Every structure is written in C-alpha cells, then in structure tokens.
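Residue numbers (this note's numbering), protein chains in the order written: chain A, 1 to 170; chain B, 1 to 116.
No lab work stands behind these hints, which were simulated from the structure alone. These figures come from a predicted structure and were not determined experimentally. If a hint is listed, it holds; no wrong ones were tucked in.
One side only, chain A facing chain B, incomplete, derived with CB under 10 Å:
1) ALA79
2) GLN84
3) ALA105
4) SER107
5) SER108
6) LEU109
7) GLY110
8) LEU111
9) VAL112
10) ARG113
11) ILE114
12) ALA117
Don't be surprised by glycine CBs; every beta carbon is placed ideally from N, CA and C.
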Amino acid sequence: MRTHVAEPWVEAPLQKFVDDANALFALLLHPSGQVMGQFGFTRAVDVMAACALAAAIHASAGELGRELEGKPFRELYHAGRDRQIFIGDVRTTQHRFVFLTVFDAESSLGLVRIYFAELCAELQHAQPPLLDRVPISGATLEQDLNRNLAALFSRAPRGGDGGESSISLA
Amino acid sequence: MSASQFEGVLSLLIRQRGVLGCLVVGEADGIVVDSNVQVGVQSNVVAALAAALYRKARLCSAAAGLSTVGFLQLEAERGYICAIGRDGLVLVTLAEPRAHIGRIRGAMLESLGALA
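Okay, chain B solo, but in the shape it has when bound (with noise of 0.2 Å):
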C-alpha cells in the first residue's frame, strides 16, 4: 500500500510533544482525507465540526475586512484544537494542555505547503 502524500506533514505533527492526532479534512464536506490520530480520538466527528469551524472563522474573517485565516487556535478546559487550510483541504491537530503549541504552530505553518 501507498503512502499518502499527507504521511510526511501528519507524521511531523504527531512527534510534537502532547499532540493526540492530527487530520487533514476537506474543508466543504468534513471528511477526512488523512488522519494519524491516538486511540479514542473520534476522528470522523473531530474532522466534520473542526472543518466547519475553520469555514466559519474564514468566512467571518472575510466578511470583517481581515483577509484571510493564518492560524486558527482553539483553547479548551482540556488541550487545543489547531487548525490552518489552503486550496479546501485544512490541516487540523489536537493537543494535550501541556503542549508546546508554539512549535505545533510552527510545525503546522511549515506544512501549508503540502496541503497544496
């Protein structure tokens, strides 16, 4: 079997201390294109609404005269959801409170490229 395309930039990802998983999503229908995620993390679920988050911010975003979305963070009680897009597909990391989110950012922004 084939490797993705997606297999480098979500592999990268995954190393970075307290990541749990991290997805690429089409970012009109929700559904996973690539995900490398842990156990118990309910990809399909995770996909659909971060892709219809991310949509939104864009489109609030444009609407407000922002251009844009570079980098969209999302803090919760228990970790962060991480999420960036280009040309429809958007690039999506969930991470444990006690994650670096610096470098994910940095590790994230570094993989935009691929999602080309």
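One chain only, chain A, in its complex shape (with noise of 0.2 Å):
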C-alpha cells in the first residue's frame, strides 16, 4: 500500500516513514486542516474528519503548553487498548505542519518517535523553495482543502471557481 499526496516532495519521506514504523495510518497535514499526504485512509470523508481533529487537537495542545510551560507541547501521544496515536510538529526552515500517525503493537513509541525524527529531517532537505503565498481567505481555503483531497483520492476537484465543491465543507 502506497502513500498518497497531493505535493510530490512530501511523498518519499512519508513513504520510508511508513515503510520503517510500520505505521497503520499517516496524515501529514498543514496546521489549517490541509491534507499535504496520506497513508492507510480509504475514504477522504475519514481524511477530511481526521486533519480537521488534528489541527484541533494540535491548536489546543499547542496553547495548553505555552500556558503550562510557556512554549507549546510539540508531541502528542495516547495509548489505547489496541492501537496507539502520536501527533508531532513539523518545522522546516519555510513550512510547519503537523503529522498524525496511528500504530500498533507492531511498532513501538520509541521506533515512532525515532523516525518521525527521521521524516522532519528528510522534509527539511525535500522541501522545495518557498513561493509567494497568496493571503488565505476562507473561499481559497476551502478550495486549497478540496484540491488536496482531491489529488490524494484522484478525483478531479469541481467548483475550481468557488463553486459547488466534490466535497462540501459547509
């Protein structure tokens, strides 16, 4: 099973990342909710739901910790019964983003957190040059949500022109 993402540069770190943790699930997502890649989700309803917790979940945690210790919590993990969650920050010197990954006895926290190391470090030599951004306005950024989920899943995004969207956020 093969990664997907809607940037090529982010595909190769992902994939070892995966390859190497034996990861379940991956999702590594800007902290707006946009999907930059997946592995493991079969359905861009669940990718949609999932990036819009993360950012959540890293907003909060984000803000817990600079209450806390003055400076965010930029590592998340949680231990279920069967299946364990880690969410990270990603920092590069030109984007941040977070990662979510989700794993089993397989794999350990320890191996998790070693390669997720390893998939910082690779995305900061990956990276390409930073362009001009355009300034983010709610309709760019639910199209930039559709485009991505759209890349990942193969479909062709309609209501490019702020139209009806193949998925509607609304």
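These two chains come separately, so use the hints to put the complex back together.
Take a look at the structure:
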C-alpha cells in the first residue's frame, strides 16, 4: 500500500516513515487542516475528519503548553487498547506541518519517535523553495482543502471557481 | 535526587571491560527507563530498536515452540548488542569487540532479578 500525496516532495519521506515505523495510518497536514499526504485512509471524508481533529488537537495542545510551560507541546501520544496515536509538530525552515500517525503493537512509541525525527529531517531536505504566498481567505482555504483531497483520491475537483465542491465543507 | 532502582545493575555492567553502555528499556514502548552510556551512544535510538528486536525474538521463539528467550546476543562487525528481558522490561548492553562477552552474559543473567 502506497502513500497518497498532494505535493510530490512529501511522498518519499512519508513513505519511508510508514515503511520503517510500520504505521497503520499516517497523515501530514498544514496546521490549518489542509492535507498534504496520507497513508492508510480509504475515504476522503475520513481524511477530512482526521485533518480537522488533528489540527484542533494540535492547536489546543499548543495553547495548553504555552499556558503551562511557556512553549507549545510539540508531541502528543495516546495509547488505546489496541492502537496508539502520535501527533507531532513538523517544523522546517519554510513550512510548518502537523503529523499524525496511528500504530499498533507491531511498532512502538520509541520507534515512532525515531522515525518521526527522521521524517522531519527528510522533509527539511526535500522542501522546495518557498513561493510567494497568496493571503488565505475563507474561499481559498476551502478550495485548497478540496484540491488536496481530490489529488489524494484521484478525483478532479469541481467548483474551482468557488462554486459547488466535490466535498462540501459547509 | 534519589538513585533509580536500576542504578546498581547498570553500574555493575558498565564496569565490565569493553562495555559502551547499558540500558533498561520498556519492551512495549521502546522508551528508556534508565541508562548508563558513554558519550556518543544514541541511547534513545538504540533503546527503541533493541526493544523491538528483543520483542520480535521473543515472539519468534514462542511461535517456534522454544519457549522464552534466555539471552539474546547480536554480533556485529564492531561489537555486540546483548539483551535480556523480564516482566516487560529489557536490559540492553552494548559492547566493543574486545569485551569479554561471557562475563557480560553472566552479569546480565545475575541482574535479571532486578528487572522484576
């Protein structure tokens, strides 16, 4: 099973993480909730939900960390009965992402943390030059969210002009 | 600061000739519980990978009907990794090629009780 990405440069680091860490699910997203790449999900709606939740958890944890220690928490871990979840902050010189992964007893927190550090380093090396950014508005955010979801699940996004989308966020 | 309950075990092992480091690691999560390693040893990386290795060896041994793993020894070009486990903890020792592996093995087996 391969990773699916919205931008090609994240594919190799993400695939390497999945292979090395033996992860069940992996998700790389912007802090705004815009997906960059995923592994293990089969439905766009699941990716959309996971991105929204991960972005919210990351933002909440960041603020909680600032309140408690004066700096945001960069990693979060929760152990369930069968599966475990890890959410980490990926910072490169030009980008900032949130990374979420789910793994089971075939892997471990220690392994995930090692390969997460490698993922951060490889994303740093693989990142393309930063282009001029267009200011984000509500309309462009929704278009970007839908464009990346469509790219991941090999669908042509509709509503490129801001009209009806293939996946409505409303 | 109070000493950990594994300090005695780790001190015993690190004094052996050629030992580069020794760690007590959680088998399930691969996180270091306590360690005594020389400068330059990436204890977090070694701990996670050694715990995963030990766990796989334990499962393999059980699947093959060989019961529990007594002592795991990995011989590499530039040294040894030894592991022994009990009750969800793994004691890992890294050693140079010149190390007396028999003594290390004996010390690790003697230390097994401390892991309980």
